[in-house]
Structure formats: C-alpha cells, structure tokens
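In case you want the letters, here they are:
There are 2 protein chains.
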Amino acid sequence: MDAVEAANSGHPGMPMGMADAATALFTRHLKYDPADPHWPDRDRFVLSAGHGSMLLYALLHLTGYERPTIDDIKCFRQLGSPCAGHPENYELAGVEATTGPLGQGLAMAVGMAIAVRHLNAIYGDDLVDHRTFVIAGDGCLMEGINHEAVGLAGHLKLGRLIVMWDDNRITIDGSTDLSRNEDVLARYAAGGWHTVECDGLDAGKVSRALDEAVADERPTLIRCKTIIGYGAPNKQGTAATHGAALGKDEVEAARKELGWDYPPFEIPTDVAKGWHAAGQRGSVDRAEWHRRLDASKKKTEFLARIAGKIDDRWLKPHVDALIAKPPTVATRKASEMALEAINAAIPATIGGSADLTGSNNTKTKNQEPLTAENYAGRYIYYGIREFGMAAAMNGMALHGGVVPYGGTFLIFSDYCRPAIRLSALQNARVIYVMTHDSIGLGEDGPTHQPIEQLQSLRAMPQLEVYRPADAVETAECWAAALETDGPSVLALSRQNLAPVRTKASARNLCARGAYRLRKAAATRKVILIATGSEVEIALAVGDKLEAQGIGADIVSMPSTERFDAQDADYREDILPDVSNTKILRVSIEAGTTFGWERYTGLHGLRIGIDRFGASAPAADLYEKFGLTPDAIAPRVVALLTKRKML
Amino acid sequence: MDAVEAANSGHPGMPMGMADAATALFTRHLKYDPADPHWPDRDRFVLSAGHGSMLLYALLHLTGYERPTIDDIKCFRQLGSPCAGHPENYELAGVEATTGPLGQGLAMAVGMAIAVRHLNAIYGDDLVDHRTFVIAGDGCLMEGINHEAVGLAGHLKLGRLIVMWDDNRITIDGSTDLSRNEDVLARYAAGGWHTVECDGLDAGKVSRALDEAVADERPTLIRCKTIIGYGAPNKQGTAATHGAALGKDEVEAARKELGWDYPPFEIPTDVAKGWHAAGQRGSVDRAEWHRRLDASKKKTEFLARIAGKIDDRWLKPHVDALIAKPPTVATRKASEMALEAINAAIPATIGGSADLTGSNNTKTKNQEPLTAENYAGRYIYYGIREFGMAAAMNGMALHGGVVPYGGTFLIFSDYCRPAIRLSALQNARVIYVMTHDSIGLGEDGPTHQPIEQLQSLRAMPQLEVYRPADAVETAECWAAALETDGPSVLALSRQNLAPVRTKASARNLCARGAYRLRKAAATRKVILIATGSEVEIALAVGDKLEAQGIGADIVSMPSTERFDAQDADYREDILPDVSNTKILRVSIEAGTTFGWERYTGLHGLRIGIDRFGASAPAADLYEKFGLTPDAIAPRVVALLTKRKML
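Order-wise, the sequence lines are chains A and B.
So the mapping is simple: our numbering equals the position in the first sequence, first residue as 1, plus 5.
So the mapping is simple: our numbering equals the position in the second sequence, first residue as 1, plus 5.
Hint data in this document are derived by calculation from the structure and do not stem from the laboratory.
Identical copies look the same in the list; a pair holds intra-copy or inter-copy alike.
The list that follows gives simulated cross-link-like pairs (lysine-lysine, DSS-like), each with its CA atoms no further than 25 Å apart:
hint	residue 1	residue 2
1	629	79
2	79	253
3	587	647
4	524	330
5	314	303
6	587	649
7	549	524
8	79	261
9	330	508
Chain A extracted, bound-state conformation:
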C-alpha cells in the first residue's frame, strides 16, 4: 500500500486481499531458501495475477532474499528498480516467471509442473521432489488460455500443481457479475481437477486448504474467498483498489483499520524476525538435498542438465551425411532428420505438437509419449492447444533441466504469439517448430497460409527466426537455435526442396544469418537475397541472369536477426553499400514484402505476396503469385534495363 502510494501507480487491491493467503503459503508450505534462490529442488511460485507484483516483492523482502531491499521497494515502478510494475524473472531471483499478460502465469506453471514430473521420473525423489504453486485472479480464469492449461494439467494428472484463486468478485470494470456467470469450480472439476474452498482472509484456513491440495493426487484449484483491497475501510471490495494508489487519506484509514502503527517502509523487529525465520525453514531441506545430491551417482549429469549445457557434437556427422547424399525433402522432414540426431545426443529435449505430429514431423522414432502413466516420456501430445503448448514450454524452459520444442503450423504462431513474446522477454530457450510456412502448403488456402507471420515474428525483440532452405541449413539452424539462450522459431516448408548446400563448410553458415551461397560468374549486377523455399528459386533466377551475361550473387538469408548482429565488415561483404545504379538488390520470399526494404533498399526489388493467399495446389499458387524463375528473371532484367545498368 505504501509502495504503490510512493509510486502513485500500481495495484494495491490484490496484494492486500491475498496477503493472508500468501502468508500461509510462504510461511508454512512453500519450500525455498532465500540464501540460494536457484536451488533446483525448490518449489516454484508463480504470481499469475502479475499486477499484484508488490505482494511478491514484499514476500521476497520479508523472507530474506538479498533483493529487493527496502530501498528497491521504495523505488517500486521507478527506473532502475528491480521492483517493476509486473514481476520480471530477469530482474529478481525468486521471481520464477514474468507475468502480467493474464492467464499465462498459470499456463507456464503447468509447464513447470510437467518438468518436475519428468525430471522426477528420471532422477527420483532424492533429487526432484517439489511442487508448483500459483496465485491467479479472475482475469487469469476468464482468459481462454486457462482452459488450455486446465485441460493439459488435468489430462497429465499434474497433482503437484496447486492454484490459489483470488476470488474477490471484482474486475477492473466492476463486479464479476458484469461479465461472468460461471461455476468456476465445476468447470475445473470437469477438467479432472480437485477443488477446495476456503476463507482467503484466514491464513489458518488457507493452510488447511493447502494441506488438502497437497494430499490429493489431482491438480488442485483452491478458491480463496477474499476482499480486494482488504483493510482499506472505504474502498475495499471495490474496483477502485485494483489499479490505483489508495490515496493519502485511505492509506491513513487503512492503518487504523488494520491496527498498523508504523510509518511506511518500517518493519518492526519482531515482525522482521518472524518472517526471516519462516524464510529459513527451507535451509534444512536444502542441506539435506545437497547431501543426497553428493551421494548420488547422477550428480554430475544432473547438474549439467540443470545448467542447460547442450552438446553440439551431433551436428558435424549429421551434416557430413547430408553432404554425402543430399536429400530432396521438405525442411519439415529435414527437421525430423536433424531431430533424430539431436534427441539421441541431448537427453534434455522434450518434443511435442499441438495435434499436428505427423505434419510437423516433431516426433522421432525413439521418443515415447510423456503421459500420466509415463512421465519419463519425451514427447507431449499437447492437443489442439497452441497457446497452451507455447506457455507450457515457457514454463518448462524456466524450470530448467529440459529443452522444450513444439510444433504447429506457422500460421498458428498467431495463436501462440503472446507466449512467444514471453519466451523472448524472459529469454526462455524454447524452440518453435513452425511448419507449412508459406503458400507452399497449397490447398488449405488463405486461412492457413502465412503471409505476414515471418515479418511479424522478426519484428519481435529477442526472438530469432530461422527459415532454412534445405536439409543442411535446417540442421545448422537447429544447432544455432539450441546454442541460443533465448527462443527461436524454425519456419519450415511443407513442400519438398532441392538441396542447395552441397559442399562441406567448416563453420555453421546459418549461424551468421546470411551468407553468399553462390558468387556471380559474370560481372555482378544483382544480388538475389532469398530465404527458405525461395532459395532454390533464386538460384534458378540467377541461372537465367547469368545466361544473359548478368552476374548475380545468390545470398541465402535464413535469419535476418543473426545477420543484423554480424560485424559491419561481414555485412558489407555480403550486401555492399554501393549505389543502386551499380548493384540491384532483389529479395525473394513467399510472404509480405513489408520490411524487406532493410535489405534491398528503397530502390531494390522486393518479390513477395502483399495480399492474402488462395486455395490451390502449391505449384499453381507460386505461378499465380509470380514466384517462379520465369516470372522473376524478366522483372529483374526490365529493372536493370530501365536503370541503364546493362
């Protein structure tokens, strides 16, 4: 209340209403040790109702985490303070997930709960024996993604997932009656969850509910009946306490109501001591866990898993084999071939698909399904839940010890988008296998054909998008994605592609983002820049130009972000900064041309599709949209002629 007042910005209502429930959780149930916030066997706590961030900052401070300090808290929501408006995992240890976009905290917790069961199945109770707790609000429970999360958790019987619902009957617009008449508990029960109700303002009763939840084998939803802004006598129970400071007078009145005589940011010694003691509960557990770890034969392996180390020795033999016998395959198939090598070499990977396993080619031969009966499995049938899959993968990556990848069609990156953004913001190593990456998917038509998706994803900070052109590039892109801390999207073709990389290379060329695939034979007048399935088209266009004595470099650009990150010399070598009357740059990508000016310049030529697609066989569509060598080469020649460059 005081921190929000100092910032004159923030959300006091939820922290005040859930203070007792959170106290029960953090002082009696949650397993953690502020002295080692990253202790692998800690319980995970996710504040899905992220706007109540001050609650979490208060808890971390009181229980003895190094940060936030009381000064950090005084600077709540100010530049440089780790106490940001919404909790960010990269700002503070103890913040397990970045939350605020509603519903996603809960859905990430499902992923954490999956990771626990999986690692427990491999390493046993001695090393992995923790739970995931969530505080969620009415917003989280109205968002569609909670349905997907409920479905996944219920199906996988994630008994160690416990969600505390802050049932305060208030949303920003007013009473929940304005927009909801649902029996929430019945809905969760219909999804296979255990449900409990309690007075959320009574820590003792919350504690008993938590005991019940822990005892049950199903995931649990605890309905904590609370009052938003509890303790603010004139505003509690109203939307006025949700997202604004209470104001001086009401803060004063709340102090009286709650019998709290201390000035802002002063914590009486006995209170501080009590909390600190609660925060030290876990130190014994942690010491015992370390003894068990030291005694375990799997210690080294376990620690490497948790550290997220990735072996890339699979790459060279795999690429060598492809060079030896270049296959003509769709890059989705090439991805499966790479995954056969990756999944054999890297035990941490957990694959899956949102019900497109056979289309995304995400399942390799030896992967068993991860099910409620076999948590050791390494393949998840996520169901038709793209967003839920993406959020769960975020949770798995944040938990650590596993490297999740999951498939859907590239078009449905739109369904996953809010979670992809959280992958990026949180630097979560999640690999999105997005197949059917253009009109090349053919007959399914415009609802399924990505046009703007590639560029929209490339516009996102901290996300790397790869669009490989053949099997070798696909392998290199997989290697680049695995070695990155943050998330990657692999955009893969449905249709078969001829091999374009037929010579061995000492280094991972795709990791540089773009490279000269073929040098101009005649005097260079043109640079053709293409990605993915259009690289073989660019090569054919180049053939036609060279046949007319027009030299054309062919640049394959699987990742614009990676290329932008190269040093100036490299970039200048690939795309020299010369007048457009000397060299014409042409981009070819079967998607929107929006943004390609970055590589062609204003006076370059951008070949793409600036409208929605159509339903027809792929070859007919490439023809219709002018994406054939026969259509492109004359356009290049015409422009060169017009510019008097020939």
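Dock chain B against chain A, hints included.
Leaving out everything else, chain B in the frame of chain A:
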C-alpha cells in the same frame, strides 16, 4: 468423398461423420432461402470445424444455391474455384463466416447471436427472429477461445445459439484420449449452457435434439456422437480419414457400404428433388417476412441499418469545435470525445471493452450496457476475454446491422491477433480501440508496452492501422475507420498530447495516411516523419533544427497503409524521391524501427525502440530511450554534418 478424391487433398472424415446431423439441420430446422442468400432474417450457420468445408459446399449445392455448381465442386481446392480448402465468406453466399482457424467459428457465432438479440430488441420479432447454428469439432472445443465464447454466451443468455459438437473422439494425432480427459458437457453446463446428447448418425435423433435446443432459453451444446469418416468401412473411426483423400479402393468400398451406386458428382433426380424441396422451405417464411417489412414503419431505417450505411455528418462540427478550442488530451480521451459524437449520430455502433472500460475510454455517456436483461443496450462488458471479444465483433460485423468497436490495450492485440486476421480476411468492419500504445503507458513495464505491435499489425494485409497525434487526428481516423469496409485498429495514447492540428482543413487529412503538417521554413534538408504521440516531439525537433537554419518538413503519418495507397504524385510531394545527400528522412515512432526503411530509405535515420521496454514513469522512459527533442535533434545534425549536407 469424391471431391476430396478428385483434389487428392482435403478432409473427408468430418463431412461423412456429420452428414446425417447436417441433413437434419438443413432439411428440417435451418431457416434460409437459396433464392436470396442475404435475406436479413435467415438463420446463420457457421461451420466452425472449417476443414469440413466439403460438407457445406454439398449442402449449398443440394439445397439450390446458385453457387457452388457441380463443376465448382469438381474443382474443389483448385485455383479459381469458390470451393476453397476452408469456407470463405467472400467466395460463396451461404458461407456466413470464414473458418478454419479452430474455435473462432464458434466465437464468431456468439457475436452473431448477440447481433440478433440486439436487433430484435430494437426491431421486434416481426423483422428479426432468427437463430445461429454451429458445427464444431473437438479442436474448436480444446482451443482456449471456446472458453471465452462459452463464458460470453452463457453470461448473455444467448438462447438462440445452438452448437452441434461433432463428438467423434478423433483428432489428427489419434484418439482424443491422447490429449483430453475432460467432461465437456459438464464444462458447458458450468458456463450456464443447456446440453443435450444424441446419436449424430441418426438424423431423426439429431432433429429431436435440435427441437430440445430450440425450446430451451439457454444457449445449447448438442453432443452428436459420430464416427469420423462414417461409411468408409476400413478407415472410419480413425485419424486416417481426417485430412487426406480416402484413396480409390476405400472410396469404392464406401460406395458399397453405403449402398450408393452412382458415379462421382452424379446426383439422382429424386435425391436432387428432395433436397431442392428442403431448400425451398424458407421461401414462404421469406415472403411473409417481406410482407411484414413492407408494413413496418421502420422499413427504411431497417434496410439502411442492414446495408451498413454510415453517416459522417458528425465529423465537421466535432472537428470545428476542437479547432476552436484545442484540447490537450490523451488520444484515448480524444477517442471518447469523438465517440460521443459518433454514438449519437450512428445508432448502429455497439461498443465494448475487454475489462478496460475506464482505460480505453470506450463507453460514452448515453450508452447503456447490453445485458441479458437489456439486449437493446449498446455497450458490452466483454470481461477479460480479448480474443473472444475480437471474434464476437467479427460475428457481429458479419451478421450486419451493427458496427462493433471494442477496446483493450495495444499490447493485447497479440491476444486478439488470430481474430484480427479474420477481420481482415473477411473484410469485416470491426474497429479495434487499442489504447496505451507505447512506452508512454509508463510504469506497467515491458509486459504491457507495445514495441513490435504497430509494425506487426501494419504487416497484415487488408487491415488499416491508425495512430493519431491529437484530438483532431483522432476524429479524422475514426471517420476513416467508419467509412472503410474492412477492419481498422486505432492505436491511442495513454498520456496527454498537445494539439498539433490547430487549423481547419477542408478534407480529412488522416484519410490520406500522411500529410505535411508543417513546411520547412529554412531550405529543406530534413523530413521528419512521425506518428501519434511522437508528432509533437517531431515538431519540437523541427524547431531546434530550424533554429540552426536547417529546414525541416514535419510529416504526420497516422496510417502507413493509407499513405501507400495514395497516387504517386501525392506520395512524391510528401516524400520526394531525391538522393539521400539532398534530403535526410527521419522516422520517429516509439516502437521498433523494423520496417521504417520503407519511408526513410536505408540511409535515413530511424528513431525508435529496438528492445523491450522498462517500468518507469513515461517521461523517464522517453528520456531513457532517447525519444526527446534534446536527444534527437543532435543525432540529426550529426548525420547531416557527416554527410556534408550543412
């Protein structure tokens, strides 16, 4: 089965499994008249499981719609055929909505059902008395959006919405047991729905279930127990029938199994006659409806509403008043001011917000809530359901007679994105009021600060994005959005903005996308291009440059799409195509610089934010990210100096 076979592509399983249920619906219950597919009082049918498009094409053909012809059907999924892979409303009358992205058909149907209740409340049973029927599959029911749709429909007690669930227990990956253990009916019941079960392979039983559904006051989910690919003796009941042709042998076997002796695409006369008669059931209803319409005093008004005519006479007096007394307000507030005039002038508008009413400023003084008790209301509390809101608005726009607009934060355009894409693809006049459009929202931090959203939306075909700079521009952008057939996004500031448009203009300048707000005083060396809240910053940068004798045009660019659509002369006048050593172009927008090369050229200067934001007061963030006149002007001067342009 034969059309899929001919195309060797498509989804036979659902059409075969749901053929009996659809027959019951189209021959006994659905009110329509193929002679006038746009008859306003027809029932709406939405095939939410859009991959089963062949079912719908067959129904339209058999019941006597002009298209598709049997030849259209023979060309299923081929270039130029209206029988696209997924049903598209712009290809065929009788296709009420474009579906395929799962769950959205159902959610659009909710919007249609809202529109019916609303128009019925205004025009009475005589003119508006129809229902909305949906066929949905397991995919639709796993997708998160169905939770939002269920919640909205249950809350608003949309009794005239009837969803037939094709319960075939099969998804692409195999049995639904692979990914779901939910009691679907219990979940719908928890949301306030009526539920019924029936044998979906028995048209009589389906018909009785439909009667029950019609009789109940709640929205209804009918569980139709079916067998996917019903009739294909060796493949039915398996995922093999879902998304691929059955193959010659199995088609042959199915013919035997079903006792169907006719060759592909031949319809026996008696069958054709029977279906045609069923298709003519509605002609009597339609004739009676026309008699009632002719007798109605509201005939002219009603027809104008349905035709979607929009009055723009509100604009001039509103802008005149703003010019007379220019307000310093946030553009979200300016939007509310415009809406006061719009909602008074245009009775068709229905506003709403996904639980951010007071932040989006979407509710005007005289708007009453649209509730189950008052369907005549014109404001919807959508709850925390951004995607559900967007899809419902699509349904409302497709239904016609209403012009929906709805608010959320711009960052949550990511949550709505799949529905925004369907707005664009379907050319649905939906207006998205997206406030808090940059780091200018301040303390809520990076989870809430749009960075890539503006450019990601601009990359989408057939969508117009507006980012006005002050109250006058906001009014002009609203007018442009209302006059457009398709969807628009209004990106609006949280923070107050000084007026930049202080002189009257004879025409809507924003409708041209970009215009010269201020002409250079000194010799023009620079063109500063800015949008929204950054236009006043550009003006201040211009002041600083002019003070140093450097002439700078200030171009306000509220809509890049609109500007791109202007004729070459106009574009050349605003952004002359001269060497970058003559004029330096500078873009200023508080978002990603990705894509701004289109307007600055490669050698221009792009001022923006190419990383995620931070939590702090807005002014501190503008300072931190170098988005102040003091930070920008020296960068411009330095570049001019380096280029020897001074």
